[in-house]
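Spelled out from the first residue to the last, the chains are:
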Amino acid sequence: MVLIGINEFIYVASILFLIGLLGVLLRRNTIVIFMSIELMLNAINLALVAFSRFNNSMDGSIFVFFIMTVAAAEVALGLAIIVMLYRQRQTILVNELKQLNG
Amino acid sequence: MDNQIMDLLFNLLGILFLPFFCSLIIVFSGQIRNTVAPFFSLLSGLGSLFLTFLLIKEFSEPIRFSWDWIALGVHKFYIGFFIDSVGLTMLAMIAIVAFAITIFSIAYMSKDDSKGRFFAGLSFFLFSMIGIIFADNLIMIFLFWELVGFSSYLLIGHYFRRDDAKDASQKAFIVNRVGDYGFLIGIILTYWHFGTTNLEALAILIGADVSLISSGIGFFLICGFIGKSAQFPLHVWLPDAMAGPTPVSALIHAATMVAAGIYLLIRVQFMLSFEVMSFISYLGTFVALFAGFCAFAQSDIKRVLAYSTLSQLGYMSAIFGLGFPGIALFHLITHAFFKALLFLGAGSVIHACHHEQCIFKMGGLLKRMPITSLTFIIGTLALCGVYGLSGFYSKDAILIGAHDANNLVFYGLVFAALLTSGYMGRLIWIVFFGSPNSQAAKNAKEVNIIMYLPLVVLSFFAIFVGFTNLWPAQLGATILFDLDYLHHLVNYKVLHNKVLILGSGAWILGLTMAFLFYGRGTKFDQLEKQLPHIYSLLKRRLWVDELYAVYLDKVQKPIAESFSFLDEMVLRGFIVRGCAGLIGIIGASLRLLQVGRLDNYVIWFFIGLIAFWLYGLNMF
Amino acid sequence: MIDILFSIFASLVLLSALAVVLNRNAVNSAMFMIVSLVATAGLFILLEAYFLAILQILVYAGAVMVLFLFIIMLLDVDKGENFNFKTRKLSLCATILGVLLLLALILNSFSSNNLPSVELFLIEDSSFIDPGAFDNKAKAFGQLLFTKYMLPFQVIGFLLLVAMIGVIVISKKPKF
Chain A
3 MVLIGINEFI YVASILFLIG LLGVLLRRNT IVIFMSIELM LNAINLALVA FSRFNNSMDG
63 SIFVFFIMTV AAAEVALGLA IIVMLYRQRQ TILVNELKQL NG
Chain B
88 MDNQIMDLLF NLLGILFLPF FCSLIIVFSG QIRNTVAPFF SLLSGLGSLF LTFLLIKEFS
148 EPIRFSWDWI ALGVHKFYIG FFIDSVGLTM LAMIAIVAFA ITIFSIAYMS KDDSKGRFFA
208 GLSFFLFSMI GIIFADNLIM IFLFWELVGF SSYLLIGHYF RRDDAKDASQ KAFIVNRVGD
268 YGFLIGIILT YWHFGTTNLE ALAILIGADV SLISSGIGFF LICGFIGKSA QFPLHVWLPD
328 AMAGPTPVSA LIHAATMVAA GIYLLIRVQF MLSFEVMSFI SYLGTFVALF AGFCAFAQSD
388 IKRVLAYSTL SQLGYMSAIF GLGFPGIALF HLITHAFFKA LLFLGAGSVI HACHHEQCIF
448 KMGGLLKRMP ITSLTFIIGT LALCGVYGLS GFYSKDAILI GAHDANNLVF YGLVFAALLT
508 SGYMGRLIWI VFFGSPNSQA AKNAKEVNII MYLPLVVLSF FAIFVGFTNL WPAQLGATIL
568 FDLDYLHHLV NYKVLHNKVL ILGSGAWILG LTMAFLFYGR GTKFDQLEKQ LPHIYSLLKR
628 RLWVDELYAV YLDKVQKPIA ESFSFLDEMV LRGFIVRGCA GLIGIIGASL RLLQVGRLDN
688 YVIWFFIGLI AFWLYGLNMF
Chain C
230 MIDILFSIFA SLVLLSALAV VLNRNAVNSA MFMIVSLVAT AGLFILLEAY FLAILQILVY
290 AGAVMVLFLF IIMLLDVDKG ENFNFKTRKL SLCATILGVL LLLALILNSF SSNNLPSVEL
350 FLIEDSSFID PGAFDNKAKA FGQLLFTKYM LPFQVIGFLL LVAMIGVIVI SKKPKF
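Protein chains in written order, with this note's numbering: chain A, 3 to 104; chain B, 88 to 707; chain C, 230 to 405.
Source of the hints: derived by calculation from the structure; they are not laboratory data. Just so you know, not all the hints are guaranteed correct.
Unchecked claim - Partner residues aside, some chain B positions facing chain A, computed with beta carbon under 10 Å: (1) L299; (2) I300; (3) F693.
Said to hold, decoys possible - Residues from chain B that keep clear of chain C, each with C-beta distances beyond 10 Å, as calculated: (4) L136; (5) H162; (6) P645.
Keep in mind it's a predicted model, so treat the numbers as computed, not measured. Glycine is no exception: its CB is placed at the ideal position from the N, C-alpha and C atoms.
Using the sequences and the accompanying hints, generate a full structural model.
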């Protein structure tokens, strides 16, 4: 039997975070990038809950609560922006969104 | 606090904040701003006038209020009001002149698209100006001083779509910054040495120990005066500031703001050593002469008046430097009235000639617009110091004082008086007499009553404000003190006669010479035709602007650029931000190859993140 | 028991997250995302944060992912396989290298016994414990939200309002 301590949770959270980061870096589809960002947030949530549990303190959990709320608001706004982007440019692929590139 | 003091406080707060709220209301009234602006300005002007009269009626001894403002560690700062007869005199002058100018602007700006901005700026300017008058410490003066500069910037740049107005507003702002920088250093030094910036406390400290006076602090403090009152070498902004609307020139660049410099001098006089005072005096004499010469080569009616303002400010600082602050204040007050009158008259002429400002395209306006012309001529005569008009009394006192103290300054000022009447005569003969030189002048008609009423009122003041015995007893204690000193000089009678003869001779000679030289309503500049070299020298204003341009371009810019390089690359890049800065610089240089792609930015961001982490783990 | 559940949920979370990132089809990505989120909720339950687990399922799996699916269906932008991943070698290399580097850093930071390796223990009835202690009841959340975290709670509420207005403003069709 393996002892499940905080370390295991932190490893899972870190790897989840890195996978999300990979998604942000590798994908071109803005929606998938956005989902990857959500994955990263989720990883943070997991780490926070684990810390909260092992420190026997409620503060981390409350923060998870707040992060979820913010994430919900962020998703609503972000998706609205993506829809507008699509309407204006007919694409949501980041490599085609290069207006700044002169 | 008993009721009377509370009433007084509310009165002061009312005078100070009425214009402020007026400008606030105008700013926030949105779409209808342009329609309501004149109304509110008029209302606030009337209110200020009324409250000022109340204050004068109630005034018996200096008023003091003080509050804690902020405490930074052991340094405590206060704000407060201090009003004595000097401040009250200034306040009365400002209230009257500002009200007249507000009425004038209602007609003058009636066709303007952004009246709201104009009147809001005007009210905000009045708020800041009154703040200077009320302030009881140097820091508060500086605060309002900057606000005055800011509102002046706004108003000069009123026609910001025109390049000259835009440039002029920036020039005024930047040149004033140079002076204010010195002023700020002066304030800091004052606080350092005396531990307070309260004017009265400083006066008591210095009164107890005269050796505390330091020339260094004095020189820094008068930097503010040199900038704001447009004294040499920071005078360059004032003539350009004429690009603003004419009422603004009348209010800010003739009557009040430029006089704030003199007011500041009077307030800090006790801190100025003998060297500083004599420096101010010679500087003033020089400016009076220099500006007088320059005025001869100007063909823009407002610029002539601007140089005249410069030269009169030179008068004030000259007599101040000789130790007669009261007389400087006296001339400030009389000058404010007749110079505001002259500017408004010029505005009325410009308005009638469809915004033609070149004097050689005017001519013969006396018949076409008699009221404006007559009031303008009254203003001119007052400026030249014709016996019986207000300018005579103050100029007379200045010359007597100068003769008493310093002969060089005296003869300089007499010659400046000759110059004054010379260029003003040139203006008068060319603009108002002879025959019209352009279609616009030919079609000029007398302006409507809203415009000439302020002219008439101001010319009334220009005539009578010199009689100090007509003033309310609460006003002008300092002025009367200095005048009294002059009247009890042993050889006062002799002096008075000498000055009377010299002064009157100067204006008669000046006006006659101008008439003989320029003739009536000429089309071209005689000076330019007959003495082209001198003319071009004066026209270029003795190359001061060019010198600045060369200095900025050849000296300051390379130095600033090398410092900037040092700062950007070495200090900010490597030393302050360390490795992150290094990475930032490398990133910036690599980004030169790949700009504007979201994914690249993400990668750089990511690398930066890793770098931060490594840095945090002390891996470098 | 717990370690078996942990390995199941953890591998589920990570594998489905990888699937989110690597799947070419955005709809499939979203579906795997839901799996990943639900599995995370399972991890929360292992940590005895029951309330948060329910919230996770309700908010993320329920609301947020439905929104994502809606938008994916609405826009329908799958242009084929080549367009889904970045193909430039430089950025690819940089990304892989960077992620590996970060992985090494994380392992380096956490493996050296910095953190306590305690076993999970069951929480006792917490009515006697101090109010700040970890608790799985919704009541504990309510109490903290309305006492210690009153201001952040209000701010979050306001933030939701702002987001709502923002969405309305952004998605309004511009008038031409």
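Comparing the hints with the structure gives:
1. L299: violated, 59 Å
2. I300: Violated: closest Cβ of chain A sits about 61 Å from B:I300, beyond 10 Å.
3. F693: Because about 7 Å separates B:F693 from the closest Cβ in chain A, which is inside the 10 Å limit, the hint holds.
4. L136: holds, 47 Å
5. H162: At roughly 33 Å from the nearest Cβ of chain C, B:H162 sits farther out than 10 Å, so the non-interface label holds.
6. P645: Fine: 40 Å to the nearest Cβ keeps B:P645 off the interface.
Violated hints for the displayed structure, listed by number in ascending order: 1 and 2.
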